[in-house]
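Kindly generate the complete structure, drawing on both the sequences and the hints.
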Amino acid sequence: MRCREAEGLLAPQISESLDAATQRDLALHLDTCAACRARLQQEYELDRLVVAAVTQEAPATDDLVARIEHAIDGSRRRQPLFFLQRRWPAFAGAAVVVLLAALAISRFTAASSMHLLCQDAADDHRTEVVLHEPRHWHTNSSDIADLVRRTVPGTQVPQTVAGLSLQKARICGLLQATALHLVYGNGSQQVSVFFMLQRELPSDSLPSQAAANRLHEETDSGIAVASFAQDGMGVVVVGGPEIAPHVADQLALSL
Amino acid sequence: MQYVCALLRTARRLCGNRESAEDLVQETMLRAWKAFDQYQEQTNCKAWLFTILMNLWNEHHRKPWVRHEAAVQDDFEPDQQAVASNSDDRVFIHEVLACIDRLTEDQRAVLLLSVVEGLALREIAEILQVPIGTVMSRLGRARAALREYLRPSPGALAGARERKLCDAVKPKGY
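Heads up: the sequence lines are chains A and B, in that order.
When the first sequence is numbered by the working numbering, its final residue is 379 and no position is left out of the sequence of numbers.
When the second sequence is numbered by the working numbering, its final residue is 264 and no position is left out of the sequence of numbers.
Think of the hints as simulated: they come from the structure by calculation, not from any bench.
Heads up, some of the hints might be wrong.
[Unchecked claim] Residues from chain B shown here face chain A by an in silico Cβ test under 8 Å; the list is partial: (1) Val186; (2) Leu187; (3) Ser204; (4) Val206.
[What the hints assert, rightly or not] Okay, the calculated bits of chain A under chain B, using three or more residues with CB under 8 Å as the criterion: (5) 159-172; (6) 315-322.
Cβ atoms here follow ideal geometry from the backbone N, Cα and C, with glycine treated the same way.
As structure tokens, then:
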């Protein structure tokens, strides 16, 4: 080992950071090199001088320790608040994510419920009214009144609406609810009106009529669906896009 | 609280005045208490505390704990338990501290952590988040600079006066 190399190892030697092999090599060099031994001795003396000077300064006072303990005590009492304060961005972020997720799920669920209800009603109208698939319909007014009592008791079902007359009725299911399916028509067009108890439907599956937030939806087959809820009653109107919304509006006013 | 003294003497040399140093140490201990769950057992607690202190220092050293460039100030308070024996020694201590304070911050930090606090170079590298080679070179430059600063002093280093001083003072925590 040369002196230049040994010189770079003196500080690690003092701080005991050398590995065993290097330490052994350095020791061999120091045994034979008086200059490096003197240099190492100087390093030790310099260190002692630094330590002596720095440690001469006043150590931690009781006041400082008391201050620290007081601060820790205060922090301990406020720990939950501190915990939140230190991590408030994370908590806020998580809260926002959860809220957005809940909102999205809620809106998606509501939107899905509304969509499913409307789609279900539109399917019934298409198959049973437009395509005339065989179903057992009631056309007698007394039978229809009986159906009304059984499905949506207390509801005054109009005989005519928007120039269309009540033609027939039957009970069906929309989603999980029991619905009264009424068909109004004239010589050229027919409209299906579904009445059901709102409590039997999934929440948020119908817009509020009071909020004037009636849902109108166009299906792929060009059928319009209008729905609303009023006084615990759910109403879905399915028909041509030029007539269904008007029927819904008139029903909302007359019920 | 056993490391408060070590933290304070290092903070004192970093901050340049006692009030800021105490604030820095208090904040270090408070942060350590709050983050104690992050402390890994079987590791060097002293090194962990110095890591927090140096991080705080790096975060704030130009704000709350501003270093006063007047290197050694009038608030020098010798440890009554290990006080230098006479006024000459006190003056010399003052001179040595002034020389330490003339080092760059990087050199001073490495010198204090290694020489005074006895931390391994590897630990210092982790504390300062620099390669160990950087620690070694800073330490080497700090020693060279310190020797240079102390050279004008009568009887520098190996002189009888310094030996007397070193003998008079029993280093603590070393």
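Could you tell me which of the numbered hints above are not met by this structure, giving the numbers in increasing order? 6
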